[in-house]
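With chain D's structure known, arrange chain F with the ligand on it following the hints.
In the order they appear, the protein sequences are chains D and F.
Terminal number for the first sequence in the working numbering: 284, no gaps in between.
Terminal number for the second sequence in the working numbering: 1332, no gaps in between.
It is worth saying that the hints were derived from the structure and are not from the lab.
A quick note: this is a predicted structure, and the numbers were derived from the prediction, not measured.
Treat the hints with care, since some could be wrong.
[As the list claims (entries may be wrong)] Heads up, incomplete: computed chain F residues facing chain D, CB under 10 Å, no partners named:
1. A1175
2. A1179
3. A1202
4. A1229
5. A1230
6. L1233
7. W1234
8. G1258
[Unchecked claim] Chain D stretches covered by chain F per the calculated footprint, using a threshold of three residues with CB under 8 Å from any CB of chain F:
9. 89 to 103
10. 133 to 145
11. 166 to 175
[Stated by the list, open to error] Quick look at which bits of chain F chain D covers, simulated, 3 or more residues with Cβ under 8 Å:
12. 1158 to 1166
13. 1181 to 1191
14. 1218 to 1227
15. 1241 to 1249
Ideal Cβ positions, reconstructed from N, Cα and C, are used throughout, including at glycine.
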Amino acid sequence: MASAFGTACDRCGRDLLRQDLDTHLHVCPDCGHHRRLGAPARLRSLLDDGAWKEHDAELASTDPLSFSDRRTYTDRLADAMAATGLRDAAIAATGTICGVDVEVVAMDHRFLGGTLGMVIGEKVVRTADRARAARRPLLLVCASSGARIMEGALSLMQMAKIGVALGQLDRDGIPHVALLTDPTTGGVVLGCAMGADLILAEPDAQIGFTPPAAIRQTTGHPLPNGFQRSEYLLDHGLIDLVVDRRELRGVLGRLLGVITDTTPAPETPRGKPPVESDDDRPRN
Amino acid sequence: MPKPTGRLDFEEPIDALQAEIDALTMLPRTSARHQELQRLRARVTTVRQEIFASLTPGQRVQIAGHPDRPRMRYYLDRLASDFTEIHGDRHAGDDPALLAGFGRVGRHAVLLLGQNKGQGAAAARHRLGAMRPEGYRKAERALRLAEKFGRPVVSFVDTPSPHPSVEAETHGIGAAIAATSRTLAMLRVPTVSVLIGEGGGAGALALGISDNILMQEYATYSVVPPETAAAVLWQDRARGDDATAALRITASDLVALGVVDQAIAEPIGGAHADPDHAARLLRAALEDALEDVEKGSCATRVEQRHSRFRLMGLAGPPTAGDAPFDPLPGER
Ligand SMILES: [Zn+2]
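So here's chain D without its partners, still in its complex pose (with noise of 0.2 Å):
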């Protein structure tokens, strides 16, 4: 847990200071380890002056179900908006990276471990919408466990809706990249990130459709190293890049501005305030 004074690295154990956290955007400078960054924290290390414009904030589960299991899943919702500030599991926005326009939609693993539900179904839809009438590419962020189960066969259905829009998007030739973060797992979030133009991830993500323990569990064999990691999905021919958190931004401007065809601004300042800021409101 980060926090004034510091804490350890998850991987290697080395002090993290709170300035080292800034610089290296929750990277650990000694072994690259790379820390979850919630949705807000993820726009403002990859847009430009750390701003966007936030679309659709009001969006919240309806409970569709009237779902219960030990809780029920509005006060799972309440303590989840209590603990994020966030009121479902992913942020769409309008900004740009190095100069050039983009609709984003980034995902929060720490709602309800970014489960994909209505919510999210909804954001990406009329975030594709928007890159769609704007003629810009649209960037998906994904830090998901998988679907958002309490909301039962209507969050399997967005995948369903998820496609069409994306689809539209193909139809339509507006590019569409993914970003594949910690952790991109289950059949319908990899059912919608795994269709992009582009894929890009994390080092050391994990990326998979069915638990490795399951997979275990079936064949009765172990898993080969890195199983499910970006590398290995690199190595296999199913991303295209593995990058830096570091170098993210620099990438992603280059290869936007070159797929739009829109000359990057060389000299754009990183998102500030510092990646660490309980100041966290959107500008715009």
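Here is chain F with the ligand on its own, set in the frame of chain D:
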């Protein structure tokens, strides 16, 4: 009736009566034997009606996965004519879990494709409908051919999940499912899907994004298996029955939620109790559905399909609060 290969515990009273019937048929023919047989057969019908009138959601899941439940191949043989199977994804292989080919359903010349679980000895080869990426790529190839030939599509959904294996992951099961589902969603030809058994998650949905979605009475359709929901949310695998009820995975639930257009009745006791009757009911529903989706212009049909999925699980209006903020940025 075919000899059962696997029975469900709640079907035991039926099995006991059936055993009595079997024993009686060995005896010499007498009028007393005849009367007793008639009585027992009537009793089987009554007991079956009683059991199936009050099934728990968990028992419905067992019927959907019943080893004797008719598979896609069974229905295909009874409702399609002039059928020619096609094979292979033209890249890596041919997945027997996915059956595809061109044929006629009534007066409609169509592409038929879907998960074929296989029966008896074939079930292992078909991996009970657990498809590999090759299968989804074969499906996508078939769908593109249907589009090119202007043939309507009938898809059968019957899969627990994609194949849980290192190979499936390494060969891109996610990408294959994303591509197949999007191709189906964007087709300009009319499409009908029918859920005939287990509709398990994204692997099922990939063949289910259609103009008209039918579902047999005892089929199920769920985002995750109920036991997974029980383990994740209740943290107790034994709460599968509760999870099954809460997830609302039956045909009548899904019609009410607008996910499925129409439930197709099954014979009393489920499709496995009278497969031939089940096939006749399915065929009638399918022909009506094809008739229905072939009406109207292509543009209208595609627009209606897209807006139908667009409206599924429409997130609601704001309830309170203001712009989001991030009190714990970068927390793990
Ligand atoms: Zn470290």
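Hint check:
no. : hint         : result
1   : A1175        : holds, 4 Å
2   : A1179        : holds, 6 Å
3   : A1202        : holds, 3 Å
4   : A1229        : holds, 5 Å
5   : A1230        : holds, 8 Å
6   : L1233        : holds, 4 Å
7   : W1234        : holds, 5 Å
8   : G1258        : holds, 9 Å
9   : 89 to 103    : violated (count 1)
10  : 133 to 145   : violated (count 0)
11  : 166 to 175   : holds (count 5)
12  : 1158 to 1166 : holds (count 5)
13  : 1181 to 1191 : holds (count 4)
14  : 1218 to 1227 : holds (count 4)
15  : 1241 to 1249 : holds (count 6)
Taken one by one, the earlier hints fail for this structure at numbers 9, 10, listed in ascending order.
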